[in-house]
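J.: This is what each chain is made of:
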Amino acid sequence: MQKSSQNEAIGKDPVFLNKPDTILPQLYLGGRSAVGDASKFFYQFPTAPGDRPYLGVRHPTIGLLYWYLGLLMGSANSPAVAGRMGSAFIRLMQEFAPEMQVKHVARQFLRQYLQPKVGPRPRAHLRPAVLLFAHIDDFFPPWPHLGEDGQRDANLDGRGHASRSSSQPTKISPPAPCVKYCGFMCDTTATPTLRIPTDKRERAVAILDYVMARRKKELLRLTMLVVYGTLLLLVPASPGNLGQTFLRRSCNILYANVDPTTVHVSTYIFYPKMALDDATWADLEWWRRALRVEMCRLARYEKASMLAKGWGDGSGTGTLGTVMIASGPYSQWMGFFPPTFSHSLRTGRNYGHSVR
Amino acid sequence: MMEDLVDRTHDVVRGMTVFYFTDNSTVCYAVNKGASASTELQNLIVRIKLAELQLGCLLEAIHVHGVVMIIEGTDGLSRGVWVSPLHQAAGRVLTTAHVLDPAPYSPLLVPWILHQAGLPATTPVTYRPWDGCWTARPLLHQTTLWYPPPEIARQVIVHVMSLGVESPWGTQVFIFVPRILQHQWGNLSKHVHEVGIFQPGEFPLSPLQHLPIPVVLLQIATYKRTLPSIRDEDMAARLDGPPAPPDARWHRNEAELLRGL
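Note that the protein sequences, when read in sequence, are chains Z and W.
Our numbering runs 59 ahead of the 1-based position in the first sequence.
Our numbering runs 23 ahead of the 1-based position in the second sequence.
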């Protein structure tokens, strides 16, 4: 018997979601950030006439296409259409707010250390910019906290309030050095760090405790999938993606019977029981210890302007490569953006008017 | 090399980034990915990662052509580099810096890029310098060309994808980036299409290239809207599956119990 599909008459426009490890290197040392969840974001926009042929449902017998007049939850194209609005919001913010006109975060230290004449030098008059990331309806504006410039900081806070004006009050995280975004804590009190929220971490430890207490018995494959899925979501917060390394053996065992070319995997193959080898148990033990010591991922190491370079053929038969250690002084790379910055800032209230 | 560093008495690389340049692409790929389906390679990766953790450093493996290693000098002595013209090449530090250089831009390359992408040579293309201001207006509804250094390529892709999705059917982006640090800028989105990998000799004006590092041409093409086509596999998936095993409910309950901890 054939089942109907809700997304049969719905297109799939491109959508881009920021990953936590993409955002992390761009955060400011000692900076602040806030999170705003746009209120009823899907329901704020009527669908455009051009979108309607790709956002509908087909009648199963007469084949007639019915169009949705608003974005609906669960359709494949709603995130893309709503994401266009979020993208337009970022563009407007950058156009109207000079301190949000960003450039690149150049790892200037790298080029300057190696050869001062090679890379562009940072210019002293350039100031850091306010960034803005969007994850469909969640907006995340990190900005630098400049304690010595109180007026400017107040203005930046004002911008933060302006961007939160259309957000759901109960889902707003006020400006702070450590906020939760994309499921992780973005902590900028010192070197920007990605942390696992306490509830997620404790839950993962409890799951591992439960499974490892039954180590001598046969395990259900379905329960191991829950363990694997739970830990996989925490990999971005492991240093250097180390968590991925310690999940690979579990993945190999769990998906041993799955043909990688199969498009649709039947859930029934996950019902049999299974056993893990010692190496896989050791990997899970590593995960448990790492979670207990609250592992986190640093955006960069504290001596990030120091370089150690090694050249080697990777075969292990050579001279183990050449390692050159920098001996000069180093300074913390701040990840500053060099924007075109204007000192004639408008207040948050005026900014709100100009956007409207 | 990592275990050799662990054996040293003092922490020489703690808190640092270690760039490991190698011509062994398998090692480079495996280290950057952090996992391998091969058991032996996986065991090696675990050793490397544990050493990285013990050293408190960040390991960045960079794949370079074997000739670059000869020019740099590590692999040069055994290849007779001291009696060859390569002896006159730039110093080791400058060579390392050049590995991370962006590809040089030339307007004469634009027709070649359009040809590689299968587009007419008359397509208007705007060059966007990576060290300029990244505003959105000159990006939307046109074709732009970027030549970022590999370190910046990820930011460029994230930037153009974040803004380009506002109008994907009129916006097209080409990104010309040397093939190093791929784990940073590769696989960020399925809409970033790799047109090809080109050796410096394959495209015009290659003498401007400092080192023989291949270049990757990425394209974020204009999006053409279609409704999904129903494939045979999809049709098969919509059919009722085989009956569940007798203890399926018990399996599901156990999984639910674990999920709810």
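Hints were generated in silico from the structure; no laboratory data involved.
Just to be clear, a hint being listed does not mean it is correct.
Stated by the list, open to error - Taking CB as the label site, the calculated pair distances span:
| hint | chain 1 | residue 1 | chain 2 | residue 2 | range |
| --- | --- | --- | --- | --- | --- |
| 1 | Z | Pro233 | W | Pro147 | 45 to 51 angstroms |
| 2 | W | Gln165 | Z | Arg351 | 25 to 31 angstroms |
| 3 | Z | Glu353 | W | Asn210 | 54 to 60 angstroms |
| 4 | W | Glu63 | Z | Pro256 | 54 to 60 angstroms |
| 5 | Z | Arg351 | W | Asn276 | 24 to 30 angstroms |
| 6 | Z | Gly129 | W | Trp192 | 19 to 25 angstroms |
What the hints assert, rightly or not - Taking beta-carbon pairs under 8 angstroms as the criterion, some of the chain Z residues facing chain W (in silico):
| hint | residue |
| --- | --- |
| 7 | Tyr127 |
| 8 | Ala147 |
| 9 | Gln153 |
| 10 | Ile266 |
| 11 | Asn316 |
| 12 | Tyr327 |
Note that beta-carbon positions come from the ideal geometry of N, C-alpha and C, so glycine has one too.
J.: Using the beta carbons of Z:Arg351 and W:Asn276, state whether their distance is inside 24 to 30 angstroms or not.
T.: 28 angstroms, holds
J.: Given the hint of 54 to 60 angstroms, is the C-beta distance from W:Glu63 to Z:Pro256 inside that range or not?
T.: 37 angstroms Cβ-Cβ, so the 54 to 60 angstroms window is violated.
J.: Is the hinted range of 45 to 51 angstroms satisfied by the C-beta distance from Z:Pro233 to W:Pro147?
T.: 46 angstroms, holds
J.: Is the interface hint satisfied for Z:Asn316? The criterion is a beta-carbon contact with chain W at less than 8 angstroms.
T.: Violated: closest Cβ of chain W sits about 15 angstroms from Z:Asn316, beyond 8 angstroms.
J.: Minimum Cβ distance from Z:Tyr127 to chain W below 8 angstroms?
T.: Since the shortest Cβ distance to chain W is 14 angstroms, the answer is violated.
J.: A closest beta-carbon separation below 8 angstroms is what the hint needs, so does Z:Tyr327 meet it against chain W?
T.: 6 angstroms, holds
J.: Answer holds if the nearest beta-carbon of chain W is closer than 8 angstroms to that of Z:Gln153; otherwise answer violated.
T.: 6 angstroms, holds
J.: How does the Cβ-Cβ distance of Z:Glu353 and W:Asn210 compare with 54 to 60 angstroms: does it lie in that range?
T.: About 29 angstroms separates the Cβ atoms of Z:Glu353 and W:Asn210, which means 54 to 60 angstroms is violated.
J.: With respect to the beta-carbon atoms only, verify the hint that W:Gln165 and Z:Arg351 lie 25 to 31 angstroms apart.
T.: 53 angstroms, violated
J.: Cβ-Cβ distance between Z:Gly129 and W:Trp192: within 19 to 25 angstroms?
T.: 22 angstroms, holds
J.: Next item in the hint list is Z:Ala147. Is there a CB on chain W closer than 8 angstroms to its CB?
T.: 5 angstroms, holds
J.: Would the stated hint for Z:Ile266 survive a check requiring a Cβ distance to chain W of less than 8 angstroms?
T.: Holds, because the Cβ-Cβ distance from Z:Ile266 to chain W comes to roughly 5 angstroms (cut-off 8 angstroms).
Taken one by one, the earlier hints fail for this structure at numbers 2, 3, 4, 7, 11, listed in ascending order.
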